[in-house]
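Asks: Each step along the sequence shown adds one to the number in full-length UniProt numbering, with nothing skipped, and position 30 is 30.
Treat the hints with care, as some may be off.
[Claimed, not checked] When the alpha-carbon atoms are kept at most 25 Å apart in a straight line, the in silico DSS-like pairs for lysine-lysine are as follows:
| hint | residue 1 | residue 2 |
| --- | --- | --- |
| 1 | Lys95 | Lys4 |
| 2 | Lys102 | Lys85 |
| 3 | Lys95 | Lys29 |
| 4 | Lys102 | Lys113 |
| 5 | Lys86 | Lys2 |
| 6 | Lys95 | Lys109 |
| 7 | Lys86 | Lys113 |
| 8 | Lys102 | Lys29 |
| 9 | Lys113 | Lys85 |
Read the hints as simulated data drawn from the structure, not as lab findings.
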Amino acid sequence: MKKKGILHPELSHLAASLGHTDYLVIADKGYPLPNHVTRINLGYANNQPTVLQVLEPLAEEISIDRIIVTDEMEDISPDRLEDLKKRYPHILLEKISHHEMKELTNHAKGAVKTGDACPYANIIIVSG
């Protein structure tokens, strides 16, 4: 039995399977995910877990080249963006439009759906 790290078997497998420059989406509860992208639904209640709660153990296990966020996060949920910057000052944040994020999601290796209710909380991890 695993004692530390990511305990969820599918999430652990997805993290281990990421290659250089692969995309991993961590989505809020309302983000539309394409049917062809492998998804893991971790949301079990409103705001449980949040995008940042899912990112935390992933950041300990995988190499992250950069994190993609949307311009809308900066405009609508600036506190979330600041929290992300404070937690991960060493990781480059790239901002794109929400529409561009939806396009990139089509090319993701996988996606994790959370219960996060923060508007535009979605991120894309680009593996390093």
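Asks: Are the Cα positions of Lys95 and Lys109 separated by 25 Å at most?
Replies: Roughly 20 Å between the alpha carbons, so the hint for Lys95 and Lys109 holds.
Asks: Tell me if the straight-line CA distance from Lys86 to Lys113 falls inside 25 Å.
Replies: holds (23 Å)
Asks: Next pair to validate is Lys102 with Lys113; report whether the Cα-Cα distance is within 25 Å.
Replies: Between Lys102 and Lys113 the Cα gap is close to 14 Å, so the pair holds against 25 Å.
Asks: Regarding the pair Lys113 and Lys85, is the alpha-carbon distance no greater than 25 Å?
Replies: At roughly 21 Å apart (the allowed maximum being 25 Å), Lys85 and Lys113 satisfy the hint.
Asks: Can the restraint linking Lys102 and Lys29 be considered satisfied, given a maximum Cα separation of 25 Å?
Replies: Holds - the C-alpha atoms of Lys29 and Lys102 are around 15 Å apart, at most 25 Å.
Asks: Given the proposed pairing of Lys102 with Lys85, does the C-alpha separation stay at or below 25 Å?
Replies: Roughly 22 Å between the alpha carbons, so the hint for Lys102 and Lys85 holds.
Asks: Keeping to a limit of 25 Å between CA atoms, is the pair of Lys95 and Lys29 held or broken?
Replies: holds (21 Å)
Asks: Between the alpha carbons of Lys95 and Lys4, is the straight-line distance 25 Å or under?
Replies: violated (32 Å)
Asks: Just to be careful, I want the Cα atoms of Lys86 and Lys2 compared with a cutoff of 25 Å; is the pair within it?
Replies: violated (30 Å)
Checked against the numbered hints given earlier, this structure breaks hints 1, 5; the rest are met.
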